[in-house]
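Starting from the given sequences, assemble the full structure and let the hints guide the process.
One-letter residues, chain by chain:
Protein chains: 2
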Amino acid sequence: MMTFTAQDVVYMQMALELAEKGQFTTTPNPSVGCVLVKDGKIVGRGFHFKAGEPHAEVMALREAGEAARGATAYVTLEPCSHFGRTPPCAKGLIEAGVVKVISAMCDPNPQVAGSGLKMLADMGIESAVGLLEEKAEWLNRGFLKRMRTGKPYVQLKMAMSLDGRTAMASGESKWITGALARADVQAERAKASAILSTSATVLADDPLLNVRWQQLPEKVKAEYALENVRQPVRVILDSQHSVQPTHRLFQCSSPVWLVSQMPRSLIGFPSYCEHIQLAPSRAYLSDLMTELGQRQINTLWIEAGATLAGALIEAKLVDELIIYIAPKLLGDEARGLCKLPHLTRLADASVWQLHSIEKMGEDMKAIYHPRMTEPTC
Amino acid sequence: MMTFTAQDVVYMQMALELAEKGQFTTTPNPSVGCVLVKDGKIVGRGFHFKAGEPHAEVMALREAGEAARGATAYVTLEPCSHFGRTPPCAKGLIEAGVVKVISAMCDPNPQVAGSGLKMLADMGIESAVGLLEEKAEWLNRGFLKRMRTGKPYVQLKMAMSLDGRTAMASGESKWITGALARADVQAERAKASAILSTSATVLADDPLLNVRWQQLPEKVKAEYALENVRQPVRVILDSQHSVQPTHRLFQCSSPVWLVSQMPRSLIGFPSYCEHIQLAPSRAYLSDLMTELGQRQINTLWIEAGATLAGALIEAKLVDELIIYIAPKLLGDEARGLCKLPHLTRLADASVWQLHSIEKMGEDMKAIYHPRMTEPTC
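Protein sequence lines, in the order shown, are assigned to chains A and G. Numbering of the first sequence is given in the numbering used here, commencing with residue 99 and proceeding in unit increments. Numbering of the second sequence is given in the numbering used here, commencing with residue 99 and proceeding in unit increments.
Certain hints may be false.
If chains are identical, the list can't say which one is meant, so a pair holds when it fits in one copy or spans any two.
Keeping only pairs whose Cα atoms sit at most 25 Å apart, straight-line, the calculated SDA-like set for lysine to any residue is [what the hints assert, rightly or not]:
| id | residue 1 | residue 2 |
| --- | --- | --- |
| 1 | K414 | A267 |
| 2 | K148 | A381 |
| 3 | K148 | Q284 |
| 4 | K414 | D220 |
| 5 | K216 | S268 |
| 6 | K437 | G403 |
| 7 | K457 | L278 |
| 8 | K136 | A104 |
| 9 | K136 | G269 |
| 10 | K437 | W273 |
Note that these hints are calculated values from the structure, not bench results.
Okay, here's the thing in C-alpha cells:
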C-alpha cells in the first residue's frame, strides 16, 4: 500500500478545489478536478465544467502539454476507462506520459468501477486511491448515490424558528430566516439537479422554484457567471392535476415535470413541461426516486410543506436534512415542521446525526444525516 | 490609560480559572480569583469559596506571605473596600505591600463600585481595570445582574427535538436528550442560586429539582467534592396551593419557596419550606423576580412547561435561553416548546441572538440572549 505525503495532500486539496468549480454545472456528471505535478511544480490544472465538455484530466493535460511527460496526476475521481461523449481519460494520461496517478476515490459508475485503475496498472503506471476520499465523497454525494443505488441523493430543506415553526398560524412566513440564509438556499438550489415541491406549495405560494442569480451569495456570483447558470428541473407532485400553465413556474423556461398516478393532458402547457405518470402504489415516493434516478437526477433538493416532509421522513427517503434555524420564537399555535401521523412512541422517533452547523448571519444552518449506528450515550 | 501585556493576559486568565472554582458555591457572593506575581513568578493564588469565608485576595496573600511585598495582584473583580463579613480586600493588599493591582472589572455592588480602586489610588498604588472584562462579566453574570437591577439573571432551560417538541402527544418525554446533555443540566442547576418551576410540573413529574452529585459530568465531579455540594433553592409557582408535603421535592432538605398570591398555611410542611406571598398583580412574574433579587438570588434556572416558558418570554424576563436540541423529529402532534397566545404577526416575534453552540454527545446545547440591537442583515 502506498502512503501519501503532506505534499500529496496539498495537491489533492487543490484538485478538490478545482472540482468544486464545476459543482453548479456538471450534473448528471460528477464534478472532478485534476492537478499535474512534475519535479515539485504544478504543470497542469483542470476541472470538468459540464457534460459533453472535456473531463478534468484532459483540461489539465492540455495546460501541461509536453510537461505532462513524467508528471504525477492528482485526480479527485478515478480516471474513466470508457468511451462516452469523450475518450477515456486513463488512456489520455497514459499517452501523455504521466507516470503516477493518485485518485481521491474509485468511481462507482459501473462503466468505470476500477477499470480505469486497471488500465493504468496494465500500462505499468503507479496508482493509488483514497487520498482525501471523504471530501471527494461529499463533493459528489449526489452522483455517487445515484451510481450506487439508482436513486438521487435527497436533500430536505427546512427553514424554521428556534421552536421548530415554519409559519404563523395565519400562514405568514415571509421571512422567518434572514437574507444570508435565503441566499444560501439559492446556492443549494443551484447545485441541485432538480427541485421537488408539491402542488399544495404551488397553489399557496405560486413560487418560481428557480435559481435567481442576483440572489446568490456574493462569493458564488464571483465564481459562477450569469451566462453559465444552469436551472434545475422543477419536479412537482400534483396528484389532483391542479397546477396550471398560468402558475409562475412557467415564467421560467427550464423543465417542469408534473408527477401523478393518472394520465393527464399537457395541452396549454409549454413544451418544457412533462408529465411523469407513476404506477398506483403505496411506495409512490420511493418509485418517484427510482424514476428520477433513471432520469439522471443526482441530487434532489426538496422545498415543501410539513406533509411531504413528514412522508419522506417516514419513508426513510431523506439523505440529508438541511435546516435553517432563525433565532425567533413563534409559539405553539404557529405551523410545525413535519407531520408524522404514525409516530406515537418516543422510542420510534427517527434519529439523526449532526454533520455540520454554521452561523449564517443571524441564523444557523444545520445539516443532519439519518443515523446509521447506535448512539454511544 | 494603562496597556496590558501578553503576560498580563496569561495571569488574568489564571485568576479567572481560579475564580471558576467557586462557581458552584459562592452565591450570593460573586466568584473571584486572584493571582499575585513578583519578578515574573507567581507567589500567591486564591479564590473565594463561599460566603463568610475569605475573599480571593486574602487567600492569595496568605499563600504569598512576605513575598507579596512588591507584587502585582491580578483580580477578577475590583477589590472590595467595605467591611462585610470580612475586612476590605483593598486594605489587605495595601498592607501586604502590593504595588500594582489589575482588575478584570469594576464591582457594581453599590458598597464597592469604584471605591476599592479609589482606596488603592489614595495609597499611591497603581491600578488598572478592564483586562478580560468580558469573561469576568460572563462568570458573574448572575451577581452582576442582581447588583445592577435588583433582579436575578434568568436562565430558561428547554430540552427539545430538532422540530421544537418537548414531549410526545401522550406526554412521554423520557428521554428526548442524551446522558451528556442531562449531566450538563445537573451542572447548570449546581451553578444556579435557585431553580424555578411550577406546581403543574410538580404534579405531572413529581421531580426532586435538586443537584444529584452522581449525575454531574465527570469533569465537574473531579473538581467539586460531594461534601461541598450546595443545593439551590427550589422556587415553585403554586397559585392553587396544590403542592403537598408528600411530593418528592421534600425528600431533599434544601429550601423550597412556594409562591402564590394568597395567604396559605404551611402546616405539615418541613421547616425549610417557606411561602412567598406576592401582591395580586398582572406583573406577577416581574414582582417575583424583584422578590427573589431581594432574597439574594443571583441566577434563577428555570425548568418548566410551555406555559411558564411562554409567559416569561412574553414578559421579556429571560436573560438566557439554554436549549438542548436532540437530533430527533417528533412531528406536529408532539408538544411544543412555548405557548405565546398573544403573538399573531411574524414581525412581533421575539428575536434572539446566538451566544454559543456546542455539541454534547448526540445533542447540541445552544445559548441565546435577547437581541438588543437591530440585525445587520
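Checking an output row: K216 and S268, CA cutoff 25 Å. Within, between, both or neither? Close neither inside one copy (61 Å) nor across copies (59 Å); limit 25 Å.
For K457 and L278, with the copy left unspecified, which applies at a CA distance of at most 25 Å: within, between, both, or neither? both (10 Å within a copy, 24 Å between copies)
Cα distance capped at 25 Å. Does K437 pair with W273 within a copy, between copies, both, or neither? both (22 Å within a copy, 21 Å between copies)
Intra- versus inter-copy proximity for A267 and K414 (alpha-carbon distance at most 25 Å): between (28 Å within a copy, 22 Å between copies)
25 Å Cα cut-off: does K414 pair with D220 within a copy, between copies, both or neither? Neither: 43 Å inside a copy, 73 Å across copies.
Within, between, both or neither: K136, G269 at alpha-carbon 25 Å: neither (61 Å within a copy, 66 Å between copies)
For K136 vs A104, is the C-alpha pair at or below 25 Å within one copy, between two copies, both, or neither? Result: close within a single copy only, 16 Å intra versus 45 Å inter.
What label fits K148 with A381 when the C-alpha limit is 25 Å: within, between, both, or neither? Answer is neither: 34 Å inside a copy and 64 Å across each miss the 25 Å cutoff.
Treating 25 Å as the Cα threshold, decide for K437 and G403: within, between, both or neither. Intra 9 Å, inter 22 Å, cutoff 25 Å: intra and inter.
Using 25 Å as the alpha carbon limit, work out where K148 and Q284 are close: within a copy, between copies, both or neither. The answer is within: 20 Å in one copy meets 25 Å, while 55 Å across copies does not.
Of the numbered hints given earlier, the model fails hints 2, 4, 5 and 9; all others are met.
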